[in-house]
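Student: Each chain is listed here by its residues.
There are 2 protein chains.
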Amino acid sequence: MVAIKRSQISEMEKHYRISLINSLVGYKSLNLLGTISSDGVTNLSLISSAFHIGANPPLLGIVIRPEREHNDTLSNIKSTGHYTLNNVLPQWYKQAHQTSASYPSGVSEFDRCGFKKHYVSGFKAPFVAESTVRIGLELAEIIDIEINGTTILIGEIVQILADNNLIEENGNVDHIKAGTMTVCGLDSYFLPQMVGRLAYAKPGIEPQELTTKNCETNH
Amino acid sequence: MVAIKRSQISEMEKHYRISLINSLVGYKSLNLLGTISSDGVTNLSLISSAFHIGANPPLLGIVIRPEREHNDTLSNIKSTGHYTLNNVLPQWYKQAHQTSASYPSGVSEFDRCGFKKHYVSGFKAPFVAESTVRIGLELAEIIDIEINGTTILIGEIVQILADNNLIEENGNVDHIKAGTMTVCGLDSYFLPQMVGRLAYAKPGIEPQELTTKNCETNH
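Line by line, the protein sequences are chains A and B. Counting the first sequence from 1 gives a position; our numbering is that position plus 7. Counting the second sequence from 1 gives a position; our numbering is that position plus 7.
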């Protein structure tokens, strides 16, 4: 077994540490983050930090890094109050990865990387037309993390756009059918296969496997 | 296409909304969260909210819900300052799911659900011996989210325990080889397959696929 302690982490070569720390936690949710500036320039960036905070009110968090290209995103969200999260599909995941290149301010990654904008009445930020599951968020809270200068944004889900037949009878989204990808570390992209779906756990009862439409669509 | 607006979300039946909102964002990192109380009772719970905050210092965030079983976890972390995240493998993911059952306070999910504790000198919280990638964290910051009563904990990574041959030459953890699972929504468990690994994106250059050991281990 490999055992690494704090002092060894701080002494690591920078790129080695970035790869290790980014990949430690396992598979991460993968989404294109869409915004628009107050003067109408759209922005698209790939994020893997979206996390669930609660269902009522429906809240998601994302982490915005302090570097340059993300400041466009952050200032767009602050000025319009709206942003979108859009799932990434294997047919065009390379284009999605390309949005992480450092394009100059004023250039839209929608245009440069070949994505169509989709707008919804009353909601400012653009959705990705090519995605099959799209979430529109309204900024609810900004948390500045002093330790490393990042920002956690908490948003309320105010728009859900999903292709037909992806939301099951009980509300669950079928991400196998949706074609949703996941990412590990900075650059490794994956498609999951279902192993099992389990019933609500109760003390003293063996975990029960559910058989559902979602399971049947898998293999 | 299905289009759902804020007013429809707030009017949804409770369990439907929980399933929908929990599954919207896609695949999530899946870990067993290990803690110990000041009087030595260990606790293990399944979480899917771990997210990357930064590599230097190495920081991860998790969301703790306000409900009862998680208060054990939160009070343990507050009193000892230490907690662990341990990946979940397909051989025993049903036991991992079972840790989410509401066991009474004073009962350890390690014992009830069949996991062995692994301790490291100088670090209080127990690791899961059966996991192949294990992270030891020291509490760095507590953020109370007033909108819904949840808590975001930010921890610094101070211990990394990985089985041999999982960390590649560039620092990346091979989660295919590690057997790491991912989760969607509340109850659906998955194993990913690699689609591709891409080079650092630069403006005006087509995304390049990398061929690495990690890719070769996939199929």
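No wet-lab data here; the hints were simulated from the structure. As the structure is a prediction and not an experimental result, all values here were calculated from the model. Heads up, some of the hints might be wrong.
Identical chains share a label here; the pair holds if one copy fits it or two copies do between them.
[To be verified] Calculated lysine-lysine pairs in the DSSO-like style (CA-CA distance at most 30 Å, straight line): (1) 184 to 101; (2) 131 to 184; (3) 131 to 12; (4) 21 to 124; (5) 184 to 85; (6) 123 to 21.
Student: Now, for every hint given, state plainly whether the structure supports it.
Tutor: The hints, checked one at a time:
In this homomeric assembly, residue 184 and residue 101 come within 30 Å of each other (Cα to Cα) both inside a single copy, at 20 Å, and across copies, at 24 Å. For the identical chains of this complex, residue 131 and residue 184 are intra-copy neighbours only, at 28 Å inside a copy versus 43 Å across copies, given an alpha-carbon limit of 30 Å. Proximity of residue 131 and residue 12 under a CA criterion of 30 Å is satisfied inter-copy only: 14 Å between copies versus 46 Å inside one chain copy. In this assembly of identical chains, residue 21 and residue 124 lie within 30 Å of each other by CA distance neither inside one copy nor across copies; the values are 37 Å within and 32 Å between.
Within a single copy, residue 184 and residue 85 get their C-alpha atoms no closer than 34 Å, and across copies no closer than 41 Å, so neither meets the 30 Å cut-off. For a Cα distance limit of 30 Å, the shortest separation of residue 123 from residue 21 qualifies neither inside one copy, at 36 Å, nor across copies, at 34 Å.
In summary, the numbered hints that this structure violates are 4, 5 and 6.
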